[in-house]
Amino acid sequence: MIDSKTESLWSHILGEAMRGPMIGTKLETIPSVMTEWSDWKVSHPDTTVVLMPRATSAYSRGFHNPDSGLLIGLLTSTGSKSWQFPTLYRSSPVNDTVDGIPVVVSLKRETFTATIFDRRTGGRELTFRSRGDDIIDLETESTWDLLSGLAVSGSLQGERLQLLPGIVSDSAVWSLYFESENSKR
Amino acid sequence: MNEFSPRNYARRTLRCVALGALAAVCVLPATAWLLDRHERSVRIANLRIREAETLGVGRPPTPENFHPIEAVPRPPVVSGFDVVSAIDATGKVQDNEFVLGTEVNGQARAWPLNVMTGPDREVFNDTLGGLSIAATW
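Protein chains in written order, with the numbering used here: chain A, 1 to 185; chain B, 1 to 137.
Don't take each hint at face value.
[Unchecked claim] Straight-line alpha carbon distances no greater than 20 Å define the calculated EDC-like cross-link-like pairs of lysine to aspartate or glutamate that follow:
| # | chain 1 | residue 1 | chain 2 | residue 2 |
| --- | --- | --- | --- | --- |
| 1 | B | K92 | B | D82 |
| 2 | A | K26 | A | E16 |
| 3 | A | K26 | B | D95 |
| 4 | A | K108 | A | D118 |
| 5 | A | K26 | A | D67 |
| 6 | A | K26 | A | E7 |
| 7 | A | K108 | A | D96 |
| 8 | B | K92 | A | D46 |
| 9 | A | K108 | A | D145 |
| 10 | A | K5 | A | E16 |
| 11 | A | K5 | B | D82 |
| 12 | A | K108 | A | D133 |
| 13 | A | K108 | A | D170 |
| 14 | A | K108 | A | D134 |
| 15 | A | K5 | B | E122 |
| 16 | A | K5 | B | D95 |
| 17 | A | K5 | B | E70 |
| 18 | A | K26 | B | E64 |
| 19 | A | K26 | A | D3 |
| 20 | A | K108 | B | E64 |
| 21 | A | K5 | A | E28 |
[To be verified] Chain A side only, calculated, beta carbon under 8 Å to chain B, not exhaustive:
| # | residue |
| --- | --- |
| 22 | L14 |
| 23 | W37 |
| 24 | H44 |
| 25 | D46 |
| 26 | S142 |
| 27 | L150 |
[To be verified] Simulated restraints on C-beta separations:
| # | chain 1 | residue 1 | chain 2 | residue 2 | range |
| --- | --- | --- | --- | --- | --- |
| 28 | A | A172 | B | P29 | 45 to 55 Å |
| 29 | B | N125 | A | D46 | 16 to 26 Å |
| 30 | B | L34 | A | R19 | 31 to 41 Å |
| 31 | A | G20 | B | S132 | 33 to 43 Å |
| 32 | A | T127 | B | I69 | 41 to 51 Å |
| 33 | B | G129 | A | E7 | 48 to 58 Å |
These are computed hints drawn from the structure, not numbers from a lab. Every residue gets a Cβ at the ideal spot worked out from N, C-alpha and C, and that includes glycine.
Using the sequences provided together with the hints, build the complete structure.
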C-alpha cells in the first residue's frame with residue numbers, strides 16, 4: 001500500500017510503513033470477519049454495504065472450503081499464532097491462550113467463517129464447547145453466536161465478547177511471513 | 001451431375017470454409033483462455049518465488065527486505081463509492097457472496113470480496129463510526 005499524502009510504502013499485513021517519511025509508523029488493525037453476506041447481515045442487521053461493479057464472482061460460497069489451504073492467524077507481541085481451517089473444522093471451538101489472553105477460535109462449518117474472540121467477559125474467563133449446532137460456555141451453559149460474539153440465550157444473554165483482529169490467509173503465504181514463530185494447535 | 005462438377009466443388013469449399021470458421025470460433029478462445037490461465041499461474045508462482053526470495057521463509061517483512069511486487073505502477077485511489085443499507089442491497093449483493101465485515105463504534109459495514117479484487121481495487125479508503133479506515137485483504 002502507498003499513501004498518497006507522503007508516498008510512504010506500507011505492509012498491509014503488518015499495517016506498518018516500511019519506506020518513506022512514515023517509516024516505522026503502525027496503523028491500528030480493526031478486527032474484521034470474512035463471511036457470507038447472508039450471515040453478516042443477520043448478525044449485523046443495521047450494516048451498510050459497499051456497492052461497486054464486481055471484478056469477479058470467485059469469492060462466493062465454496063471459496064472457503066476444507067481444501068482451500070486457509071488458516072486464521074493472529075499477530076502477537078512476539079510473533080504470531082495460527083489455526084488451520086481443517087483443524088478447526090474438526091475441533092471448533094478451540095479454547096486457547098495468546099499473549100496471556102484467553103481466546104476462543106471458531107469455525108462455522110456451513111460457511112467456513114472463522115473468528116477469534118477474547119473469551120473473558122464480566123471479569124470471568126469462559127470455556128467454550130459445541131453442543132449440537134450450538135456453542136455454549138461450560139461455566140454458565142449460555143448459548144453464543146460466535147460470528148457476532150453475542151450470548152443469545154442463558155444467564156449471560158446480551159453479553160458480548162470482544163472480537164480480535166484475526167487474519168484469514170492462505171497457509172503458504174502466511175508461512176512466508178510467520179512460520180518460524182507459528183504454533184498450531 | 002459429376003462429383004467434380006463446379007457446383008459440387010463450390011459446395012465442398014463452402015463447407016470447408018464453414019467448418020474452418022467454426023473451429024476457429026471454438027478453438028481460438030479456448031486456446032486463448034488456456035494460455036491466459038497458464039500465464040496467470042506462472043505469474044503467481046513467480047510472485048511466490050520472488051516473495052520467498054526477498055522475505056525468506058517464516059520472517060515478517062522489515063524495511064530492509066520489503067520489496068513488494070508493483071502489480072500496477074500507480075493504482076488509483078479508491079474512495080467515494082456507493083454505500084447502501086442491507087435492505088437496499090437486496091438483489092445487488094448475493095447472499096452467498098463473501099464479504100469483509102467490520103464494526104466501528106456501533107456502525108457495521110461490509111465490502112464484498114468480489115468488488116475488492118484486481119490490481120486497482122486493493123485498498124478501500126472509507127470512514128466508519130467516526131474513524132478513517134482503509135479496508136484491504
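Going through the hints against the structure:
At most 20 Å may separate the alpha-carbon atoms for a hinted pair to count; K92 of chain B and D82 of chain B meet this at roughly 12 Å. A C-alpha spacing of about 4 Å is found between K26 of chain A and E16 of chain A, which places the hinted pair at or below 20 Å, so the restraint holds. Distance restraint check for K26 of chain A and D95 of chain B: the Cα-Cα separation of roughly 35 Å exceeds the 20 Å cut-off, and the hinted pair is therefore not satisfied. Taking the CA atoms of K108 of chain A and D118 of chain A, the gap is near 17 Å; set against the 20 Å cutoff, the hint holds.
Taken as a hint, the K26 of chain A and D67 of chain A pair is broken in the structure, with Cα atoms around 34 Å apart against an allowance of 20 Å. Using a Cα cut-off of 20 Å, the hinted pair K26 of chain A and E7 of chain A holds, with the two alpha carbons roughly 15 Å apart. As the CA atoms of K108 of chain A and D96 of chain A are separated by approximately 17 Å, the hinted pair is consistent with the 20 Å bound. Taking the CA atoms of K92 of chain B and D46 of chain A, the gap is near 17 Å; set against the 20 Å cutoff, the hint holds.
Taking the CA atoms of K108 of chain A and D145 of chain A, the gap is near 10 Å; set against the 20 Å cutoff, the hint holds. At most 20 Å may separate the alpha-carbon atoms for a hinted pair to count; K5 of chain A and E16 of chain A meet this at roughly 16 Å. Proximity of K5 of chain A to D82 of chain B is assessed by CA-CA distance (about 24 Å); at most 20 Å being required, the pair is judged violated. Under the criterion of a C-alpha separation no larger than 20 Å, the hint pairing K108 of chain A with D133 of chain A is consistent with the structure, at around 10 Å.
About 18 Å separates the Cα atoms of K108 of chain A and D170 of chain A, which keeps this hinted pair within 20 Å; it holds. Simply put, K108 of chain A and D134 of chain A have alpha-carbon atoms about 10 Å apart, close enough for the 20 Å limit, and the pair holds. Straight-line distance between C-alpha atoms of K5 of chain A and E122 of chain B comes to about 18 Å, which keeps the hinted pair within the 20 Å bound. With a C-alpha separation of about 37 Å, the suggested pair K5 of chain A and D95 of chain B falls outside the 20 Å cut-off, and the hint is violated.
As the CA atoms of K5 of chain A and E70 of chain B are separated by approximately 19 Å, the hinted pair is consistent with the 20 Å bound. Using a Cα cut-off of 20 Å, the hinted pair K26 of chain A and E64 of chain B holds, with the two alpha carbons roughly 17 Å apart. For the given pair, K26 of chain A sits about 13 Å from D3 of chain A by alpha-carbon distance, which is consistent with the 20 Å threshold. A distance of roughly 39 Å separates the Cα atoms of K108 of chain A and E64 of chain B; the hinted pair therefore is violated under the 20 Å criterion.
Taken as a hint, the K5 of chain A and E28 of chain A pair is honoured in the structure, with Cα atoms around 18 Å apart against an allowance of 20 Å. The interface hint given for L14 of chain A holds, since its Cβ lies 7 Å from the closest Cβ of chain B, which is under the 8 Å cut-off. Checking W37 of chain A against chain B: minimum C-beta separation of about 5 Å stays under 8 Å; hint holds. For H44 of chain A, the shortest C-beta to C-beta distance to chain B is roughly 4 Å, which falls under 8 Å, so the interface hint holds.
Hint status for D46 of chain A: holds, given a least beta-carbon distance of 6 Å to chain B, under 8 Å. Taking 8 Å as the C-beta contact cut-off toward chain B, the hint placing S142 of chain A at the interface is violated, the least distance being around 21 Å. Annotation: L150 of chain A was flagged as interfacial toward chain B, and the flag is violated, the nearest CB pair being 12 Å apart, outside 8 Å. A beta carbon spacing of about 31 Å between A172 of chain A and P29 of chain B contradicts the range 45 to 55 Å that was offered as a hint.
Between N125 of chain B and D46 of chain A the Cβ separation comes to about 22 Å, which falls inside the hinted range of 16 to 26 Å. The hint said 31 to 41 Å for the Cβ distance between L34 of chain B and R19 of chain A, and at roughly 39 Å that hint holds. For the hinted restraint 33 to 43 Å between G20 of chain A and S132 of chain B, the CB-CB distance of approximately 19 Å leaves it violated. Taking the beta carbon of each, T127 of chain A and I69 of chain B are about 44 Å apart, inside 41 to 51 Å as hinted.
The supplied range of 48 to 58 Å is broken by G129 of chain B and E7 of chain A, whose beta-carbon atoms lie about 28 Å from each other.
Checked against the numbered hints given earlier, this structure breaks hints 3, 5, 11, 16, 20, 26, 27, 28, 31 and 33; the rest are met.
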